[in-house]
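Undergrad: Here is what each chain is made of, one letter per residue.
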Amino acid sequence: MTTLSKDDTTLIRLTLNGREVQGRASPRLLLSDFLRHELGATGTHVGCEHGVCGACTVRVDGVMARSCLMLAMQAEGAQVDTVEGLAPQPDRLSVLQAAFRRHHALQCGFCTAGILMSLDTLLRDEPDADRTRIEEVVGGHLCRCTGYAPIIDAALDAAAELRGGDHV
Amino acid sequence: MTVRPDTFRSPERVEDAALLTGRAQFVDDLPEPGNCLHLAILRAGEAHAKITLDIAAAQALPGVVAVLTGADVAALTKPLMVGVRLPMECWPIAQDRVRYVGEPVALVVARSRYIAEDALALIDVVYEKLPAVVAPRDALADETVLHESVGSNLVSDRSYRYGDPEAAFEEATHRVEISVSYPRNAVTPIECYGLIAAYDPFEEAYDVTANFQGPFSIHSVISRALKVPGNRLRLRTPPSSGGSYGVKQGIFPYIVLASVAARVAGAPVKWVEDRLEHLTASVSATNRETTLAAAVDAEGRVTALDWDQLEDVGAYIRAPEPATLYRMHGNMCGAYDIQNLSIRNRVVVTNKTPTGLVRGFGGPQVYFALERLMRKIAVTLGLDPLEVIERNLIPAEAFPYRTASGALYDSGDYQKALEIGRTDARLAELLERRDVARAEGRLYGIGYAVAVEPSVSNMGYVSTVLTKEERAKSGPKNGAQATATVALDPLGSVSVHVASAPQGQGHRTVLAGVVGKVLGLPAEAVQVRTDLDTGKDAWSIASGNYSSRFAAAVAGTGKLAATRMRDRLAAIAAPMLGVSAEEVQFEGGMVTAEGAKPIPFARLAATSHWAPGTVPEGAEQALRETVYWTPPQLEAPDEADRVNSSLCHGFIFDFCGVEIDRLTGALRIDRYVTVHDCGRILHQGMVDGQIRGGYANAIGAALYEEYAYDAGGAFLTGTFADYLVPTATEVPAPEIHHLETPSPFTPLGAKGVGEGNCMSTPACLANAASDALGAEILTLPMTPARLRAHFAGEEPAAPEGVKPAAAPGGRGLTGSGEVEIAAPRQTVWDTLLDPETLERIVPGCHGVKKVTDTHFRADVTLGVGPVKGRYTVDVKLTDLVEPQSATLSGGARGALGSGEGSGRVVLEETPEGGTRMRYDYEAQVGGKVAAVGGRMLDGAAKVVIGQFFRALAAQTGGGTAKSGLLDRLMFWRRS
Chain A
1 MTTLSKDDTT
11 LIRLTLNGRE
21 VQGRASPRLL
31 LSDFLRHELG
41 ATGTHVGCEH
51 GVCGACTVRV
61 DGVMARSCLM
71 LAMQAEGAQV
81 DTVEGLAPQP
91 DRLSVLQAAF
101 RRHHALQCGF
111 CTAGILMSLD
121 TLLRDEPDAD
131 RTRIEEVVGG
141 HLCRCTGYAP
151 IIDAALDAAA
161 ELRGGDHV
Chain B
169 MTVRPDTFRS
179 PERVEDAALL
189 TGRAQFVDDL
199 PEPGNCLHLA
209 ILRAGEAHAK
219 ITLDIAAAQA
229 LPGVVAVLTG
239 ADVAALTKPL
249 MVGVRLPMEC
259 WPIAQDRVRY
269 VGEPVALVVA
279 RSRYIAEDAL
289 ALIDVVYEKL
299 PAVVAPRDAL
309 ADETVLHESV
319 GSNLVSDRSY
329 RYGDPEAAFE
339 EATHRVEISV
349 SYPRNAVTPI
359 ECYGLIAAYD
369 PFEEAYDVTA
379 NFQGPFSIHS
389 VISRALKVPG
399 NRLRLRTPPS
409 SGGSYGVKQG
419 IFPYIVLASV
429 AARVAGAPVK
439 WVEDRLEHLT
449 ASVSATNRET
459 TLAAAVDAEG
469 RVTALDWDQL
479 EDVGAYIRAP
489 EPATLYRMHG
499 NMCGAYDIQN
509 LSIRNRVVVT
519 NKTPTGLVRG
529 FGGPQVYFAL
539 ERLMRKIAVT
549 LGLDPLEVIE
559 RNLIPAEAFP
569 YRTASGALYD
579 SGDYQKALEI
589 GRTDARLAEL
599 LERRDVARAE
609 GRLYGIGYAV
619 AVEPSVSNMG
629 YVSTVLTKEE
639 RAKSGPKNGA
649 QATATVALDP
659 LGSVSVHVAS
669 APQGQGHRTV
679 LAGVVGKVLG
689 LPAEAVQVRT
699 DLDTGKDAWS
709 IASGNYSSRF
719 AAAVAGTGKL
729 AATRMRDRLA
739 AIAAPMLGVS
749 AEEVQFEGGM
759 VTAEGAKPIP
769 FARLAATSHW
779 APGTVPEGAE
789 QALRETVYWT
799 PPQLEAPDEA
809 DRVNSSLCHG
819 FIFDFCGVEI
829 DRLTGALRID
839 RYVTVHDCGR
849 ILHQGMVDGQ
859 IRGGYANAIG
869 AALYEEYAYD
879 AGGAFLTGTF
889 ADYLVPTATE
899 VPAPEIHHLE
909 TPSPFTPLGA
919 KGVGEGNCMS
929 TPACLANAAS
939 DALGAEILTL
949 PMTPARLRAH
959 FAGEEPAAPE
969 GVKPAAAPGG
979 RGLTGSGEVE
989 IAAPRQTVWD
999 TLLDPETLER
1009 IVPGCHGVKK
1019 VTDTHFRADV
1029 TLGVGPVKGR
1039 YTVDVKLTDL
1049 VEPQSATLSG
1059 GARGALGSGE
1069 GSGRVVLEET
1079 PEGGTRMRYD
1089 YEAQVGGKVA
1099 AVGGRMLDGA
1109 AKVVIGQFFR
1119 ALAAQTGGGT
1129 AKSGLLDRLM
1139 FWRRS
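Read top to bottom, the protein sequences are chains A and B.
Under the working numbering, the first sequence has 145 at position 145, and the numbering climbs by one with no breaks.
Under the working numbering, the second sequence has 576 at position 408, and the numbering climbs by one with no breaks.
No wet-lab data here; the hints were simulated from the structure.
Predicted, not measured: the structure shown is a model, and the values here were computed from it.
Treat the hints with caution; some may be incorrect.
Stated by the list, open to error - Distance ranges between label pairs, derived from CB positions:
id	chain 1	residue 1	chain 2	residue 2	range
1	A	Arg133	B	Thr1029	20 to 28 Å
2	B	Asp222	A	Pro27	49 to 57 Å
3	A	Asp128	B	Asp1088	36 to 44 Å
4	B	Ser347	A	Pro27	49 to 57 Å
5	A	Ala160	B	Gly1012	54 to 62 Å
6	A	Pro27	B	Lys704	38 to 46 Å
7	A	Lys6	B	Leu946	45 to 53 Å
8	B	Asp998	A	Pro27	24 to 32 Å
9	A	Glu126	B	Gly756	54 to 62 Å
10	A	Asp8	B	Tyr796	36 to 44 Å
11	A	Asp128	B	Glu608	30 to 38 Å
12	B	Asp222	A	Thr3	49 to 57 Å
13	A	Lys6	B	Ala990	40 to 48 Å
From the three backbone atoms N, C-alpha and C, an ideal C-beta is built for every residue, glycine too.
Could you put the whole structure together from the sequences, leaning on the hints where they help?
TA: Okay, structure coming up:
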């Protein structure tokens, strides 16, 4: 087994929002810090660094993950999706993002990146997710501005639109 | 409902696209200067101690540029200004004595944050412990004094009297009194503090970008501390800030520290606070002990109030304290028409984090006492609680209404709000629901609360703490300067700048609408900037985002600046249109007058850039308009200590139904109604957003959140797993109703709305719980254990042989156990006293030194939950009875915390010739380990001790001791 010193850096390659990227990371560098400060993808936010607040949630190989609880090295070769990859075009919002704007489901917007990643994953994996299920998933995030209700409404609205129905 | 001509609907926010796509620029997203260094802060692990530091090893670590101690900072700064006249030195970093857990004790500047934190672990802090003062009533005893220069922990004691309270109490039919405690908490923003600081040694100037929220009166505090004139402190805010709720006012001591660090390091320094730092030491609301008495007549009419408030501001009275206590001074009678009032305000210091701005700021503390008292009056007199509220409300025709202590309530119709609650919000249905629930034997209760929500603080209210003589000496302070700038560029488009420093409240959206409306332009045509640069922008001491001042003061000032610009443009357009300036209209992007050919707005707006010579004589150039506005109603405190502490006074009527689980004691909110009057509503979506946010924060304060300390001052809630913030599953949507009585004192008729539910909701929920349980709720948060105690009686005693767990909230460790070792007693005894064997068998041990025959010192690595660190452990042996028993006592200290404890070991011979060792121990733990590992300490201690004894058994008994999971489970069962 290779022994790594905390001061050695290794080249990490991964696919970020569909594009191959690389950067150097020491063994102890968190994935959140690697994304933000090494790759410049500052849309992912850091709120607690102990896995409770959910602000740093990203998708690693299709699964929601707290990027503050992963090391950059663990993401070697992975498909990592972040908030920067959600919009279909630079000047267009996704269905979920647009629903957030319509419902005033964000204020300061700091926790929003993580919540969007969780909900985007949920609505992809479980298109029929109901209010209770959405509340459960949003319950994995802390938001101090909105009181959550507009977030739940936005998610329900986006889910309906994605299923091909009208806005609720 | 009144008509709202000035209101636009709820357009989507211009802020949102950047926030939703990850492009927004928060402070930690900003580009760093190429030579930027990183700061990490070593913090006190003890609540009260004299300290000595050894920083040599940290300085020697490669990548470390500078290590600063309190003395290094003091050499370049002055103490922070204190709001009362006291010989108290308030430094942003400890000067050879720490007074709260988390207080900065050393700064490390290094090439990266990771290296800086490595260096923190190399700084050796020796604490010479002093007794800690934790509870405010204990502080009054002055057995231990935090600041010897002050001589007492009681740092302010003022009494106020308005009307004739003594006579009112004399004449009253009833005297009803309540004593309540409001806990420490804060609306923790999800983005912590962050800044980049730089120093120019030739200009002797500091340049700081920080997610500070204001008030910018603090700019003066920072400048003075850094010993530079105001123009040598350029303070800037980033375009986006991740929430604040008052809390980001508290970054200012760190602005001082980072500025000095940058100066010493000779390069820009960046610091981003982590969550443990934030929860431990950023800022907290004050905890307050209040006794409130009412003089009440036979009908439940209150004729006088008598307040006794004991405010705990933590270890230092840090700016702007004691403002939490005085923010509400004008409205201490809430929504009630009570003209006799007495108040005693005492402020004490304790060994806890200094307090500061938190959403609600003083309101939650006041209304928890006042609204609980109103319910108690109803219960005492056998009246309906809502009836008692209603009998005492200020009548609708009394506005503007002058309160006993000097506030001028601008407008309101409180009776109408109650009417909306009864009709639109269907109060009767809820009453029926309670009847049904109770008939089924469920614990169901209804609570009410009314609150007057002050907004737009008078910058002079804090001076009410001074005597009139002291005020005369320091000069009057008053007002609330708001500012807005409207500028036209050479293509005739409109830009707006305000010094409101928002953290997500949508100021840009609202201002674009307000200014666009005045100039006849769509909101999308107006570009608004809210990032602030004190080196270039218009600002004043009242600038910033606090006291819910945006809608009432800043948006209104934006309207005034736009109107002034429109009037200048009208004067330029008048001769072109052949009409008088008064006849010029601004509509749909055109400037028109009846019968004249319209001019495109952009062409007219560009005139002063391209052809200033064409501006008619007597008219002013139209380029840039900066308006400062301060309301005349905000006067300085008068000779009789009356003060109009705030400009606007909104109103809230809340009621709710809650059910308390008979088994667990958990409170469930069944229905929550909140009726608001915040004057004219500028943006329905944002107003409702403010209400929902404040309400969710209040649920946290009422049910879950508390910054907890143990009796020794150790901080116990350093993670979001210990400090519980409500999530989506704990926050049922509130039902919101509005009425609008526009403020006559603000340009748009709007009042603040951001803080009201933080004031009303905790009291409303507590009243409901009180109704459900028929019990007095005297403190928060209403945890299941606290509520259950009201109806479930005492906890049953522990079964025989089982030691009860340590009291919740404390981090005292206790344990006992026994282990059998297949070795003779003397062998075991000798092993326990041999440093070489101990080194092999103590888990994580790097070495044991025998200081004396009965004093051992070990260097040990221990892990507790998420924190693993190295400790120096000292163990002293006493009561030695060879080879039977010994008492072990000692302590451990390391970068992650410290502990002290003692234990007793007894060795007995077994019939088989082996040894049975019994032990018990108790210990107290402090520092980072207590803050983040508390939940895991007991388990971790048992694991470590178990490992030790297994190793001991293996060492002495030739491997007869079993190990592995089964053994460990057996061991746990026995211990």
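Undergrad: In this structure, is the beta-carbon distance linking Asp128/A and Asp1088/B contained in 36 to 44 Å?
TA: This hint is violated: roughly 57 Å between Cβ atoms.
Undergrad: Quick check on a hinted range of 20 to 28 Å for Arg133/A and Thr1029/B, using CB atoms only.
TA: violated, 43 Å
Undergrad: Verify the CB-CB distance for Glu126/A and Gly756/B against the hinted window 54 to 62 Å.
TA: Taking Cβ atoms as reference, Glu126/A and Gly756/B lie about 47 Å apart, which means the hint is violated.
Undergrad: Are Asp998/B and Pro27/A spaced within 24 to 32 Å by their CB atoms?
TA: violated, 43 Å
Undergrad: Is the hinted range of 30 to 38 Å satisfied by the C-beta distance from Asp128/A to Glu608/B?
TA: holds, 34 Å
Undergrad: Determine whether the Cβ-Cβ distance between Ala160/A and Gly1012/B falls within the hinted range of 54 to 62 Å.
TA: holds, 56 Å
Undergrad: Falls inside 36 to 44 Å, the C-beta gap from Asp8/A to Tyr796/B?
TA: Because 57 Å falls outside the window, the suggested range is violated.
Undergrad: Quick one: are Ser347/B and Pro27/A within 49 to 57 Å, going by C-beta?
TA: holds, 56 Å
Undergrad: Is the gap between the beta carbons of Asp222/B and Thr3/A within 49 to 57 Å?
TA: Violated, since Asp222/B and Thr3/A (Cβ atoms, about 31 Å apart) do not stay within the stated range.
Undergrad: Just to be sure I understand the hint, the distance between the Cβ atoms of Asp222/B and Pro27/A should be within 49 to 57 Å; is that true here?
TA: violated, 29 Å
Undergrad: Between the beta carbons of Pro27/A and Lys704/B, is the distance compatible with 38 to 46 Å?
TA: holds, 44 Å
Undergrad: Do Lys6/A and Ala990/B keep their Cβ atoms within the hinted range of 40 to 48 Å?
TA: Check passed, 43 Å falls within 40 to 48 Å.
Hint compliance for this structure: hints 1, 2, 3, 8, 9, 10, 12 are broken, all remaining hints hold.
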